[in-house]
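Read off the chains here:
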Amino acid sequence: MAIQQKRPRILQKTLSYFVLTLFSGIALFPIWQVVNISLRPGDKLLPTELELIPTNASLNNFIRLFTQTDFLTWIGNSLLVSLTVTITGVVLASTAGYGFSRFQFPGKRIGLLSLLTTQMFPATMLLLPMYIMLIKLGLINTYLGAIIVYSATALPFCIWTMKGFYDTIPPSLEEAARIDGCSHFAAFYRIILPLAAPALVITALFSFMTAWSEYIVAVQILQDSELWTLPLGLKSFEASMSTEWGLYGAASIIVMIPVVILFLALSRWLVSGLTLGSVKG
Amino acid sequence: MASRKSFIAFLVAPAFLILFAVVFYPFIYNIVLSFSNMNLYRIYDWSIIGIKQYTRIFTEPSQPSFYLIFWKTFVWTFVNVFFHVVIGVALALILNQNLKGRSVFRTLLILPWAIPQFIVALTWRGMFNYEYGAINLMITKYFNLPAIEWLKDPVNAFVACIITNVWLGFPFMMVIALGALQSIPHELYEAAEIDGARWHHKLRAITLPLIRPVMIPAITLGMIWTFNNLNIVWLVSNAGEPSDLTHILVSYVYKSAFNYYSFSYAAALSMIIFAILLTMSLTFMKSSRATEAAY
Numbered sequence: 001m002a003i004q005q006k007r008p009r010i011l012q013k014t015l016s017y018f019v020l021t022l023f024s025g026i027a028l029f030p031i032w033q034v035v036n037i038s039l040r041p042g043d044k045l046l047p048t049e050l051e052l053i054p055t056n057a058s059l060n061n062f063i064r065l066f067t068q069t070d071f072l073t074w075i076g077n078s079l080l081v082s083l084t085v086t087i088t089g090v091v092l093a094s095t096a097g098y099g100f101s102r103f104q105f106p107g108k109r110i111g112l113l114s115l116l117t118t119q120m121f122p123a124t125m126l127l128l129p130m131y132i133m134l135i136k137l138g139l140i141n142t143y144l145g146a147i148i149v150y151s152a153t154a155l156p157f158c159i160w161t162m163k164g165f166y167d168t169i170p171p172s173l174e175e176a177a178r179i180d181g182c183s184h185f186a187a188f189y190r191i192i193l194p195l196a197a198p199a200l201v202i203t204a205l206f207s208f209m210t211a212w213s214e215y216i217v218a219v220q221i222l223q224d225s226e227l228w229t230l231p232l233g234l235k236s237f238e239a240s241m242s243t244e245w246g247l248y249g250a251a252s253i254i255v256m257i258p259v260v261i262l263f264l265a266l267s268r269w270l271v272s273g274l275t276l277g278s279v280k281g
Numbered sequence: 001m002a003s004r005k006s007f008i009a010f011l012v013a014p015a016f017l018i019l020f021a022v023v024f025y026p027f028i029y030n031i032v033l034s035f036s037n038m039n040l041y042r043i044y045d046w047s048i049i050g051i052k053q054y055t056r057i058f059t060e061p062s063q064p065s066f067y068l069i070f071w072k073t074f075v076w077t078f079v080n081v082f083f084h085v086v087i088g089v090a091l092a093l094i095l096n097q098n099l100k101g102r103s104v105f106r107t108l109l110i111l112p113w114a115i116p117q118f119i120v121a122l123t124w125r126g127m128f129n130y131e132y133g134a135i136n137l138m139i140t141k142y143f144n145l146p147a148i149e150w151l152k153d154p155v156n157a158f159v160a161c162i163i164t165n166v167w168l169g170f171p172f173m174m175v176i177a178l179g180a181l182q183s184i185p186h187e188l189y190e191a192a193e194i195d196g197a198r199w200h201h202k203l204r205a206i207t208l209p210l211i212r213p214v215m216i217p218a219i220t221l222g223m224i225w226t227f228n229n230l231n232i233v234w235l236v237s238n239a240g241e242p243s244d245l246t247h248i249l250v251s252y253v254y255k256s257a258f259n260y261y262s263f264s265y266a267a268a269l270s271m272i273i274f275a276i277l278l279t280m281s282l283t284f285m286k287s288s289r290a291t292e293a294a295y
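Residue numbers (the numbering used here), protein chains in the order written: chain G, 1 to 281; chain U, 1 to 295.
Here chain G stands alone, though its shape is the one from the complex (with noise of 0.2 Å):
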């Protein structure tokens, strides 16, 4: 019996790690191409032949990145903006998810209700209203227009996100530090935002990413490039006449690194708040 059962294993593993190298290669093959583009010498950068590291590489690209371009800007006007989307998602999000989760009042409901469908608002629906708002209230071409827009993107998320985590604290914790004197905002302050720590993980995240890795909305909002946003910048590298693609792939490393690094150390929290939220509702 037991010899019987050993063929099949073997097979089925064999047969596992091959669909498993198969995908993962599939998976780092566009990486690996960002990755060989930024080595290329200056003279080599249409290839012809598929190298794994193209012959006589260079930083060459990364050193023109920070001394040739406005990189530097864009990476200062990507953190200005996503840092204040952050910091609002994050703030707003955990006082309403808050409220949300422990509290009856008038117009609950429909607040729930409105924060799921806005998820099936098509980008324009809202993009195209607030563009013209923005056009009339002259904060086309401003941060705060940017900010605006990512902000009321990303809190829907960041509020339900928020609320079905609360659920799942226990309401005794409050009750029993109100009955030792602590006020009401003493216990959500004190007791329950620490417990919440994965959530607004999350929040902050998801917000940061909303705004880090945003080109459709940018492209309309930042139109000076002095304002410009870092996907601004990497898609002008691509769209110039002779596409710079030595610096669009040296760029392209330095934004996605610490994006993949956080994603990747925060991988489990964010699919158990995705799950949370969706299973929930």
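Because the hints were derived from the structure by calculation, they are not lab data. Since the model is a prediction, treat every value here as computed from it, not as a measurement. Keep in mind that the hints are not guaranteed to be accurate.
Here are the simulated DSS-like cross-link-like pairs (lysine-lysine), alpha carbons at most 27 Å apart as the crow flies [as the list claims (entries may be wrong)]:
(1) G:Lys136 with U:Lys152
(2) G:Lys235 with U:Lys152
(3) G:Lys136 with U:Lys255
(4) U:Lys52 with U:Lys152
What the simulated footprint calls covered on chain U by chain G, stretch by stretch (three residues with Cβ under 8 Å from a Cβ of chain G suffice, anywhere in the stretch; the number is not a length) [what the hints assert, rightly or not]:
(5) 111 to 122
(6) 131 to 140
(7) 231 to 244
(8) 274 to 281
Backbone N, C-alpha and C fix where the C-beta goes; we use that ideal spot for every residue, glycine too.
Place chain U on chain G using the hints.
Okay, now just chain U, sitting in the frame of chain G:
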């Protein structure tokens, strides 16, 4: 009691005010726009003209026609989500075994999800380049097939967008499915083995029914995301090239609004897309009876 009320107000009011300003108000404004004649040149001087924009969408012969884009959007959504789910669940089943190095594979396989979408799209666009792109180099060098004109032919450009989006979307389904698989009690499989069940019996009778409650909301979410995914189509096909034949609904609306400045026409199209999405998600959730869990 008064302190309790002011506390609730303190918690919820700021978020509500902001949501009102940036979600409800634009939503209403969008409805008004869709019945008006506004465009870039009439921002301050527009009027309500009734349902003309809606009738234009359905009757006016345009290039490309609304019905073609509509049909393409459904192909786009279903092909993408189908591959996301099939690849995702298959990889999750493999990863759920007791294999050495599974956490390494898991990390590698999540990567497509972790990379910012605009980088994914621009990189794949480069890889689809006719002369220098990695895809054609591979096709010609290793498979000895003729190179494919990926980005200049409407059908191939659409396929290129789908390939890109399948690549970036399967990790989400994989991770969700893996989470669901890990919560299935092992005794069920042992009991089935005692009854002499083969792997496909176990798959059909235990695994699939038990991951269904988690997968249905994830698939609904995936359908909405894919249907609404502007980034990939816009950046891979470079705004619908060739000659606006590579659009799905959202990218077409975006182009009408921001390249052709027909604001009210775009607003009417947005309303139609919203109606389609809402109906689609509600029917899907209802038919799979997952709404019982809803809030």
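Worksheet item: Count the residues of the stretch 274 to 281 of chain U with a beta-carbon closer than 8 Å to any beta-carbon of chain G: does the count reach three?
Response: Holds: 4 residues of the stretch 274 to 281 of chain U have a Cβ under 8 Å from chain G.
Worksheet item: Keeping to a limit of 27 Å between CA atoms, is the pair of Lys136 of chain G and Lys255 of chain U held or broken?
Response: Judged against 27 Å, a Cα distance of about 21 Å means the pair holds.
Discussion item. At least three residues with a C-beta closer than 8 Å to a C-beta of chain G: is that true for the stretch 131 to 140 of chain U?
Written reply: It holds: at least three residues are needed, and the stretch 131 to 140 of chain U offers 5 whose Cβ sits within less than 8 Å of chain G.
Discussion item. Next pair to validate is Lys136 of chain G with Lys152 of chain U; report whether the Cα-Cα distance is within 27 Å.
Written reply: 39 Å, violated
Item to complete: State whether the coverage of the stretch 231 to 244 of chain U by chain G holds or is violated, taking the criterion as 3 or more residues with Cβ-Cβ distances under 8 Å.
Response: holds (count 3)
Fill in: Holds or violated: Lys52 of chain U to Lys152 of chain U, with C-alpha atoms at most 27 Å apart
34 Å, violated
Worksheet item: CA of Lys235 of chain G to CA of Lys152 of chain U, is that 27 Å or under?
Response: 20 Å, holds
Worksheet item: According to a criterion of three or more residues whose C-beta lies within less than 8 Å of a C-beta of chain G, is the stretch 111 to 122 of chain U covered?
Response: The restraint on the stretch 111 to 122 of chain U holds, since 11 of its residues have a Cβ under 8 Å from chain G and three suffice.
Checked against the numbered hints above, the structure breaks hints 1, 4 and satisfies the rest.
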